[in-house]
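There are 2 protein chains.
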Amino acid sequence: MAVDYAAIAAAHTRIQPYIVHTPLISGGDLAEKLRINLSFKAEYRQRTGSFKLRGALNAALQQPDAAGFVAVSSGNHGAAVAYAATLLHKPAIVVMPADSNAEKIALVQSFGARIVSDGVTVANREDVVTDIQQSTGYALIHPFNDERVIAGQGTVGCEILSDGSPPEAIYVAVGGGGLISGIATAVKALHPGTRVIGVEPESANDAARSFSSRTLVSLDAPPETLADAVRTMHLGSLTFPILLDKVDAMVTVTEEDIAKAHEMLLAHLGENIEPTAALACAPLLTNTPPHVKSACVVLCGGNWSQPAKDQSDAAADTSGS
Amino acid sequence: MAVDYAAIAAAHTRIQPYIVHTPLISGGDLAEKLRINLSFKAEYRQRTGSFKLRGALNAALQQPDAAGFVAVSSGNHGAAVAYAATLLHKPAIVVMPADSNAEKIALVQSFGARIVSDGVTVANREDVVTDIQQSTGYALIHPFNDERVIAGQGTVGCEILSDGSPPEAIYVAVGGGGLISGIATAVKALHPGTRVIGVEPESANDAARSFSSRTLVSLDAPPETLADAVRTMHLGSLTFPILLDKVDAMVTVTEEDIAKAHEMLLAHLGENIEPTAALACAPLLTNTPPHVKSACVVLCGGNWSQPAKDQSDAAADTSGS
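Here the protein sequences line up with chains F and R, keeping their order. Residues 1 to 321 (the working numbering) are what the first sequence spells out, left to right. Residues 1001 to 1321 (the working numbering) are what the second sequence spells out, left to right.
Treat the hints with care, as some may be off.
Said to hold, decoys possible - Label pairs and their calculated CB-CB ranges: (1) F:E103 - R:T1254: 42 to 52 Å; (2) F:D245 - R:T1254: 52 to 62 Å; (3) R:R1035 - F:L244: 57 to 67 Å; (4) F:G119 - R:N1124: 51 to 61 Å.
No lab work stands behind these hints: they were computed from the structure. Nothing here was measured: the structure is a model prediction, and the numbers come from that model. No residue lacks a Cβ here, since even glycine has one placed at the ideal position from N, Cα and C.
All chains, please: the whole structure from these sequences, using the hints.
This is how it looks when you write it as structure tokens:
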């Protein structure tokens, strides 16, 4: 079964009782400055702090007989799988490399998961997961290359289109491609005139290169980028064909663009959004006048460990959602 | 064992792995307008959407052998107990009157609780809970009259004082008195010079009358007020003495004040805070120049079911946290 709109609508019905229908937030003075109708889809306010809960829940709810769930994650997907498993009163194991950020580990633990990290590296983590699956019988929830996960992420697109006039374009950060595949599938079914635009850091441009060459390109090594949630080295076998079929354009931005967009969004929203959420906004905020009159930017997550830059003299510690 | 600072510090250590250390948000232009140093403790960004998770978790984590947990709640406490129980892989039952708001029921269910509401009224709900406790063996988590719950809520006070210069006054909404009892206990131990001021709607002024008469006063019927999370008819046997001992003042505000404060805060924060959160801010926003030079207002929750008033043309549905 391919991921189609029916699968996304079914996912929405399935997960709606457990997720937040996140608001569309006005671009306010940023919109005025850009002279476009700008809105933000506030997935940083989703439970567990990112859109990842949608896909993880859609996968978990379809496996009621699983003994537990296991995932590989450097953060948001792990938190989502932990939360989804806990909600179903099942155990979750999240495999994280031993050199993972301590705050990311604490985040995943805070939602009830057991962390396996001793001796785990980026190179051996898939083997570790396979061993865990075999010894425990837990079901794997892949962060993006799973039709149930893609369908779950697609519900972001349904909500954007149900909550206002369809924008001319929707901007989405691209890592493994689960979020943009789902959103593009929903949008092309519901309002094909809306363009879906993927955004990558220049240093992690595998999806942009795959899109233009129509060949699945992989990076040689995990990229260094501020947008640390899109360090995936290549698209998945399921997300790549959807990207080719449904996405309208891919653009890349510099690290400077991401940093600048992040600073502008922190000041505008006064909330602790992640640099990866700012990635999707960078093409609009940092380039010459945008080519669209209306846009929605998906702000994918808010699990950022540095203090929020608000105007308070207080040191805001928001390690969490 | 009475609730003292040691119990609150122990609660903080116990619950910290599972809660958000919520930020102190600057009063921005509201502070400028009032010409005071104003900050907001953003408990509407706490997991489950309110501070109630702190107390519920502190109680649940001390009962690892309970078969499950049961609570009576019209909303936020139910969500908190549901979440805390789920995190411990235990079942939760929340007793809600049959005429409860459908969105509040959905909120509590969304965190994994079973709702018992058939035939439940405000009058018989305590009996229903007793029956459930006896038939299931589940442990009751009271919304405020429990030392573990009070100690958990007190961690809000620790965080306020750890995150910036101690304010001259902290404003807190008062229902059953669990939040203010905990905060006042922490504040009087850590920085006694900071005044702790309780705020009630005029129509629900039992705590203010109890405070001034030094006799526990009960309302005759549940009050009608916009601040629907403080419709408790009287303080608890545990919270009343703490209020008398540690709280510096009680003030009441009109429904008009609450509505005006709510509108101002929605516009200022762009977030879906509850009217009950605005209650605590009403004395500062709607009266003649405040008598304090610096204040922190505890914005206790964000589970409000009407659309957020932002500047977007989108209909934001934020039924959730």
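Exercise. Do E103 of chain F and T1254 of chain R keep their Cβ atoms within the hinted range of 42 to 52 Å?
Worked result: This hint holds: roughly 44 Å between Cβ atoms.
Problem set entry | Assessment of proposed distance window 51 to 61 Å (beta carbons of G119 of chain F, N1124 of chain R) | Holds, at about 57 Å.
Problem set entry | Beta-carbon spacing of D245 of chain F to T1254 of chain R - inside the hinted bounds 52 to 62 Å or not | 59 Å, holds
For this session: Could you say whether the range 57 to 67 Å given as a hint is met by the Cβ separation of R1035 of chain R and L244 of chain F?
Result: Once the Cβ atoms are compared, 59 Å apart, the range 57 to 67 Å for L244 of chain F and R1035 of chain R holds.
Consistency with the previously given hints is maintained throughout, with no hint failing.
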